[in-house]
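Colleague: The residues making up each chain are set out below.
Number of protein chains: 2
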Amino acid sequence: MLNVITLDLEGVLVPEIWIEFSKITGIADFRLTTREVPDYDVLMKKRIELLAQHGLMLSDIQDVIRRMEPMNGAKEFLDRLRRQTQVVILSDTFTQFAGPLMEKLGLPTIFCNTLEVGPKGQVTGYRLRQKDGKKLAVQAFHSMGLKVFASGDSYNDTGMLLEADAGFFFCPPESITLQFPQIPVKRNYTELTESFDALLSERF
Amino acid sequence: MLNVITLDLEGVLVPEIWIEFSKITGIADFRLTTREVPDYDVLMKKRIELLAQHGLMLSDIQDVIRRMEPMNGAKEFLDRLRRQTQVVILSDTFTQFAGPLMEKLGLPTIFCNTLEVGPKGQVTGYRLRQKDGKKLAVQAFHSMGLKVFASGDSYNDTGMLLEADAGFFFCPPESITLQFPQIPVKRNYTELTESFDALLSERF
Numbered sequence: 001m002l003n004v005i006t007l008d009l010e011g012v013l014v015p016e017i018w019i020e021f022s023k024i025t026g027i028a029d030f031r032l033t034t035r036e037v038p039d040y041d042v043l044m045k046k047r048i049e050l051l052a053q054h055g056l057m058l059s060d061i062q063d064v065i066r067r068m069e070p071m072n073g074a075k076e077f078l079d080r081l082r083r084q085t086q087v088v089i090l091s092d093t094f095t096q097f098a099g100p101l102m103e104k105l106g107l108p109t110i111f112c113n114t115l116e117v118g119p120k121g122q123v124t125g126y127r128l129r130q131k132d133g134k135k136l137a138v139q140a141f142h143s144m145g146l147k148v149f150a151s152g153d154s155y156n157d158t159g160m161l162l163e164a165d166a167g168f169f170f171c172p173p174e175s176i177t178l179q180f181p182q183i184p185v186k187r188n189y190t191e192l193t194e195s196f197d198a199l200l201s202e203r204f
Numbered sequence: 001m002l003n004v005i006t007l008d009l010e011g012v013l014v015p016e017i018w019i020e021f022s023k024i025t026g027i028a029d030f031r032l033t034t035r036e037v038p039d040y041d042v043l044m045k046k047r048i049e050l051l052a053q054h055g056l057m058l059s060d061i062q063d064v065i066r067r068m069e070p071m072n073g074a075k076e077f078l079d080r081l082r083r084q085t086q087v088v089i090l091s092d093t094f095t096q097f098a099g100p101l102m103e104k105l106g107l108p109t110i111f112c113n114t115l116e117v118g119p120k121g122q123v124t125g126y127r128l129r130q131k132d133g134k135k136l137a138v139q140a141f142h143s144m145g146l147k148v149f150a151s152g153d154s155y156n157d158t159g160m161l162l163e164a165d166a167g168f169f170f171c172p173p174e175s176i177t178l179q180f181p182q183i184p185v186k187r188n189y190t191e192l193t194e195s196f197d198a199l200l201s202e203r204f
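Residue numbers (my numbering), protein chains in the order written: chain X, 1 to 204; chain Y, 1 to 204.
Think of the hints as simulated: they come from the structure by calculation, not from any bench. Since this is a predicted model, take the numbers as computed values, not measurements. Check each hint, because a few of them may be wrong.
The list makes no distinction among identical chains, and a pair is therefore deemed to hold if it is satisfied within one copy or across any two copies.
With a Cα cut of at most 25 Å, we get these calculated DSS-like pairs of lysine-lysine [to be verified]:
1) Lys46 / Lys104
2) Lys186 / Lys104
3) Lys23 / Lys135
4) Lys75 / Lys45
5) Lys186 / Lys75
6) Lys75 / Lys104
7) Lys120 / Lys75
8) Lys46 / Lys131
9) Lys104 / Lys45
10) Lys147 / Lys135
11) Lys131 / Lys45
12) Lys147 / Lys131
13) Lys186 / Lys147
Same shape as in the complex, but just chain X (with noise of 0.2 Å):
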């Protein structure tokens, strides 16, 4: 049997870039994430009012992820990841924000939404690659006969993680895993490794 792991991205690749947002623009609001507010839709909404009241353009997104690295370790332990099996990452970022963050994680695979920028970069609106996007990936990557484990942090995560053949969170809050207790908790990347590496010695 083929494997694909399947992993979140802002919290377990690299850090949450709306909590990178906040700090460089100093309002507070953008420190909200669907770690704190599970439905994606009100939460967006709400960072593009944010955005337009303050006049913020999608360019201003871009020069803050620009200047923003992998988590510690990230790269390596993503390469090393690349290297034993096919690595696919599911994020409800968006394509205009990944760019340069795949570029110094060495251009892994990700399947993430888009934003809609109006004439003069405003962002407008979003767009979901799907809705459950994450859960129906791993539904996608049985139907082309992978198993399919996994890695996230957040509410987002959830159903993926619950779908995935084995499903792990990475670092989360505590209310997340007292509502998930059937889901294990790795604390860093070599616990998350090590539980990889036993998957994908397992005999197909």
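With chain X fixed as given, assemble chain Y onto it according to the hints.
Modeller: Showing chain Y alone in chain X's frame:
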């Protein structure tokens, strides 16, 4: 709409592995590929029989593969595509063959098959990811809400090329182009890049 480009490996990004193996071993029958023998199972059983006859092991093939290089311009073609959109290689090669080639191509994502290997390192059989794997992968990507553009050179690519939103032959043998006149032919990376660029720039 988000896109994924699915590419065949041998004949599109790297030379045909078995043809290289035929050159090095001097055993002419290893030259046959799905270009000549459309039934993959018939072809693979013949190859495994030939390996056994000549006492050749998996490691003998891997030695040849380690010395192989991507086709001229393949890495640059692939790198450029991977910066524009997502690329997944769909190949009938085997995980045991792919490693060194993927390393030289910058670790793109590949879904392929696996060889069954005996205790002495002899090839005893093979396991398909699934039957009609390339075509079903395109369907799976469609089910993820992705548009699929594809390229391949051979019989085993036609399912993928016809199922994709757009599919191109890349340097195919003439016999196939006559059989599938509805599939446009690209003769080099410049032509293929232009065709993908035009598709990727379409408003989603």
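Colleague: Now tell me, hint by hint, if it's right for this structure.
Modeller: Status of each hint after checking the structure:
Taking CA atoms no more than 25 Å apart as the test, Lys46 paired with Lys104 passes in neither setting, with 29 Å inside one copy and 44 Å between copies. Taking the shortest alpha-carbon separations for Lys186 and Lys104, only the intra-copy value of 24 Å comes in at or below 25 Å, while the best inter-copy value is 32 Å. Proximity of Lys23 to Lys135 under the C-alpha cut-off of 25 Å is found in neither arrangement, the shortest distances being 31 Å within a copy and 46 Å between copies. When the C-alpha separation of Lys75 and Lys45 is checked against a cutoff of 25 Å, the pair qualifies neither within a copy, at 32 Å, nor between copies, at 40 Å.
For a Cα distance limit of 25 Å, the shortest separation of Lys186 from Lys75 inside one copy, 17 Å, qualifies, whereas the shortest one across copies, 36 Å, does not. For a Cα distance limit of 25 Å, the shortest separation of Lys75 from Lys104 qualifies both inside one copy, at 8 Å, and across copies, at 18 Å. Taking the shortest alpha-carbon separations for Lys120 and Lys75, neither the intra-copy value of 35 Å nor the inter-copy value of 36 Å comes in at or below 25 Å. Taking identical chains as interchangeable, the C-alpha atoms of Lys46 and Lys131 lie at most 25 Å apart only when both belong to the same chain, with a minimum of 19 Å there against 46 Å between chains.
Taking the closest pair of Cα atoms, Lys104 and Lys45 never come within 25 Å of each other, the shortest separation being 29 Å inside a single copy and 43 Å across copies. For a Cα distance limit of 25 Å, the shortest separation of Lys147 from Lys135 qualifies both inside one copy, at 14 Å, and across copies, at 18 Å. Taking identical chains as interchangeable, the C-alpha atoms of Lys131 and Lys45 lie at most 25 Å apart only when both belong to the same chain, with a minimum of 16 Å there against 44 Å between chains. For the homomeric pair Lys147 and Lys131, the shortest alpha-carbon distances inside one copy (22 Å) and between copies (16 Å) are both at most 25 Å.
For the homomeric pair Lys186 and Lys147, the shortest alpha-carbon distance inside one copy (20 Å) is at most 25 Å, but the shortest distance between copies (34 Å) is not.
Checked against the numbered hints given earlier, this structure breaks hints 1, 3, 4, 7 and 9; the rest are met.
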